[in-house]
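Number of protein chains: 2
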Amino acid sequence: MKAEARTDVVIVGAGPAALFAVFQLGLYGLRCTLIDSLDRAGGQCAVLYPDKPIYDIPALPAVDGLELTARLLAQAAPFDPAFLFSKTVTSIDPCGDEGFVTTMRDGATIASRVVVIATGLGTFVPADGGEPSLTAGPAGEWPLQRQSGGLSVDTERFETSRPGIFAIGDACFYPGKVRLILSAFHEAALMTQAVRRLCTPGGRTGLNYTTSSSVTKNKIVNQSVIKE
Amino acid sequence: MKAEARTDVVIVGAGPAALFAVFQLGLYGLRCTLIDSLDRAGGQCAVLYPDKPIYDIPALPAVDGLELTARLLAQAAPFDPAFLFSKTVTSIDPCGDEGFVTTMRDGATIASRVVVIATGLGTFVPADGGEPSLTAGPAGEWPLQRQSGGLSVDTERFETSRPGIFAIGDACFYPGKVRLILSAFHEAALMTQAVRRLCTPGGRTGLNYTTSSSVTKNKIVNQSVIKE
Numbered sequence: 005m006k007a008e009a010r011t012d013v014v015i016v017g018a019g020p021a022a023l024f025a026v027f028q029l030g031l032y033g034l035r036c037t038l039i040d041s042l043d044r045a046g047g048q049c050a051v052l053y054p055d056k057p058i059y060d061i062p063a064l065p066a067v068d069g070l071e072l073t074a075r076l077l078a079q080a081a082p083f084d085p086a087f088l089f090s091k092t093v094t095s096i097d098p099c100g101d102e103g104f105v106t107t108m109r110d111g112a113t114i115a116s117r118v119v120v121i122a123t124g125l126g127t128f129v130p131a132d133g134g135e136p137s138l139t140a141g142p143a144g145e146w147p148l149q150r151q152s153g154g155l156s157v158d159t160e161r162f163e164t165s166r167p168g169i170f171a172i173g174d175a176c177f178y179p180g181k182v183r184l185i186l187s188a189f190h191e192a193a194l195m196t197q198a199v200r201r202l203c204t205p206g207g208r209t210g211l212n213y214t215t216s217s218s219v220t221k222n223k224i225v226n227q228s229v230i231k232e
Numbered sequence: 005m006k007a008e009a010r011t012d013v014v015i016v017g018a019g020p021a022a023l024f025a026v027f028q029l030g031l032y033g034l035r036c037t038l039i040d041s042l043d044r045a046g047g048q049c050a051v052l053y054p055d056k057p058i059y060d061i062p063a064l065p066a067v068d069g070l071e072l073t074a075r076l077l078a079q080a081a082p083f084d085p086a087f088l089f090s091k092t093v094t095s096i097d098p099c100g101d102e103g104f105v106t107t108m109r110d111g112a113t114i115a116s117r118v119v120v121i122a123t124g125l126g127t128f129v130p131a132d133g134g135e136p137s138l139t140a141g142p143a144g145e146w147p148l149q150r151q152s153g154g155l156s157v158d159t160e161r162f163e164t165s166r167p168g169i170f171a172i173g174d175a176c177f178y179p180g181k182v183r184l185i186l187s188a189f190h191e192a193a194l195m196t197q198a199v200r201r202l203c204t205p206g207g208r209t210g211l212n213y214t215t216s217s218s219v220t221k222n223k224i225v226n227q228s229v230i231k232e
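If you read the sequences in order, they're chains A and B.
Just so you know, we're using my numbering here: the first sequence kicks off at 5 and counts up by one.
Just so you know, we're using my numbering here: the second sequence kicks off at 5 and counts up by one.
Only chain A is shown next, with the shape it has when bound in the complex:
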């Protein structure tokens, strides 16, 4: 199967988990394309409580969904994510050793080494009854192992039962899982460590601290809306 486009990581969803994943993956040089069925970034935050204060985002004593989204977009901006809005993913097909091809309802396709499912719960409502299969099932019927309404993942890599497909945020489940945005940020960071090892097997293995890496710092400060 040949795809029209290619990127490093396809992220299904464009909510807080997905946006922070763009930043984390970007720190290791990985480019992302985000696909969301909504017409804008922010997921549940932007649609369900755009102007309702949230009090439990660490170090932001009170922030509404729109401001949180704007802040995460600004943080991700230096890594130049591509967004495909108002698109529904209909299948994720394995593609030899090269990862996956993700197909959308309008027939558009994009290839990537890994796929990260970062949808809210909404995407996982029962779909229209096609045969449940990873290669042909509509969204919500991918035969990935599930538990308590989420995709089962381990707490080291946040990888689903299908190697190369990861899940973070409200889409995933593991013992102790709490559906808080702050947990999605942690899940994005640990998923990133697994994905960077997968994508750069011969590369450097050190953790990239933004406070001490001058390469990263320069990239963030010079390419972005962030001013010191």
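Source of the hints: derived by calculation from the structure; they are not laboratory data.
Incorrect hints may have been included.
The list cannot tell twin chains apart, which means a pair is met if one copy fits it or any two copies do.
SDA-like cross-link-like pairs, simulated, lysine to any residue; straight-line CA separation at most 25 Å [claimed, not checked]: (1) Lys221 <-> Arg75; (2) Lys223 <-> Arg183; (3) Lys181 <-> Glu160; (4) Lys181 <-> Ser217; (5) Lys221 <-> Leu211; (6) Lys6 <-> Thr204; (7) Lys6 <-> Thr107; (8) Lys221 <-> Val51; (9) Lys56 <-> Lys221; (10) Lys91 <-> Gly153; (11) Lys56 <-> Leu77.
Model the placement of chain B on the given structure of chain A, informed by the hints.
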């Protein structure tokens, strides 16, 4: 052993992990006393990089250690934490069914149902050679199971090998552990779920979402520096 004071939760450390734990535990009505060997809150952030920008705190594209500390203090303020600064913990003694008594170098003692170790790595440097024992060992020699320089915890409760003693932030270790502040926030949130079940066995078990709980919202908005 009789202690001079009593609180719900003793937190060893007063850095970002500890400060966010105050907020999380406070959402469930639990009061905290924080003990730190430094003379102020903020831990490594306040001492090592007070004015150096950090770029990977989610939704804060650039923030220095002092501002991050101030933001976390403001978020914790409605829950009225007690701070004991310039104090070193010398022992944590079991106290029957009622938890633990924490003793400081100057002889001061405080009892609590649970203890959360949220020190940075610094506290765990080799101490002065007393017999390693939970009841008498100086800090750094508690016979809690350790791995890779941290206290071994599970990823559901973030509890150490000693039931009732938890560890979060740079002090803890589990497979996949990355020493990022954002992970400490997640660890604080999941630890809180375990601690509230321990402290209120007959109480409500629902998760407290700050966006939807009016009791919590009123408490945060009315008692604090946070203005809508």
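These are the hints, each one checked on the structure:
1. Lys221 <-> Arg75: Classified as both: same-chain Cα gap 18 Å, cross-chain 23 Å, threshold 25 Å.
2. Lys223 <-> Arg183: between (32 Å within a copy, 22 Å between copies)
3. Lys181 <-> Glu160: both (13 Å within a copy, 8 Å between copies)
4. Lys181 <-> Ser217: between (32 Å within a copy, 20 Å between copies)
5. Lys221 <-> Leu211: within (14 Å within a copy, 38 Å between copies)
6. Lys6 <-> Thr204: within (23 Å within a copy, 57 Å between copies)
7. Lys6 <-> Thr107: Cα proximity of Lys6 and Thr107: one copy only (11 Å, versus 66 Å across).
8. Lys221 <-> Val51: between (33 Å within a copy, 21 Å between copies)
9. Lys56 <-> Lys221: Between copies, since 11 Å is at most 25 Å while 33 Å is not.
10. Lys91 <-> Gly153: within (23 Å within a copy, 46 Å between copies)
11. Lys56 <-> Leu77: both (19 Å within a copy, 22 Å between copies)
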